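S.K.: Sequence:
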Amino acid sequence: MTKILRDADLVDSALMGVAIDALETAFLAKAGNRLVSPPRHHVSFSDQGDLVFTVGGILGDKPLAGFRVYETFDGVEHSQIVAVWSADDARLKGIILGERLGNLRTGAIGGLAVRYLSAPSARIVGILGSGAQARTQLAAAAAVRKLDRARVYSRNEKNRAAFASEMQHALGLEVEPVGSVAEAVEAADIVICATTSQTPVIHARDLKPGVHVNTVGPKTLQGYELGLDIADAAAVIATDSPEQTRAYASPFFLAGSGSEDRMADLADIIAGKAAGRGSPGETTLFCSAGLAGTEVVVASAILDRLGCRRRL
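Numbering-wise, the sequence shown is residues 1 to 312 according to my numbering.
For each label pair, taking beta carbons as the anchor points, the in silico distance ranges come out as:
{"no.": "1", "residue 1": "Ser-86", "residue 2": "Lys-146", "range": "35 to 41 Å"}
{"no.": "2", "residue 1": "Asp-12", "residue 2": "Gln-48", "range": "31 to 37 Å"}
{"no.": "3", "residue 1": "Asp-12", "residue 2": "Tyr-248", "range": "30 to 36 Å"}
{"no.": "4", "residue 1": "Ser-44", "residue 2": "Pro-251", "range": "19 to 25 Å"}
Since the hints were derived computationally from the structure, they do not count as laboratory data. The structure displayed is predicted, hence computed values, not measured ones. All C-beta atoms in this analysis are idealised placements derived from N, C-alpha and C, irrespective of residue type, glycine included.
Given these sequences and hints, build the entire structure.
M.R.: Right under this line is the structure:
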């Protein structure tokens, strides 16, 4: 019988640690050429939107294969499907439905970037944005660093207050809503930028020396949430998928800037093949692109952890 899980099954806070551990394995596999992760594929349906497919898995002793599909159709509700097979025996391990897995995966990748690029002494987080991505990014940062407090800013006062209340309760961490970008980032050791802005919301002058920045929002020349001077100031720039940054319909936001050629693969940093942070005073930048195939790895680990909650 095939396991099937939904968003309601993925609310356990311990699953962030499961996802981070699974993704560390996946990134090491990528560095060793054992991760299958081609760029995402779009199938357009006229003016209605797209179905977007990512396919991937891990080769080796316990090979995995699978796919994720999500849609961009207009509507109040959106759905995603992730299916996972054991590639050595053709067994369908399970299916996960809903949006939470994708947010968990993206947050966990951000957590790995924080683990390998932020200063080990990092204790204060500044968050720009108060949506689902901001939530999982903060949860992941708290899973890999002993944080003291966080400050959050978003344009909607009620949203940032709700974010602060929810995340303080969930993480046991002081989370303060603030009234400006400057207040959120001025003392931050880690900055999480998870907005929908098509124009830069922060610049290098806003950040203290030694900061690590995760950018999760728009990152193409059509619109981007970080000032290019942050990339100029960064001693290390990394991404989870150099392949995806070259596959965007609009060029990646660092294209032609001189900084794109300095961008390292996070997998190589994790595996020790590329240099990470060299000193506490260095600025580091992680550009989340969404490494295809990693949803399959996270889904497999969650299916193993939760067992058979639901069956077809």
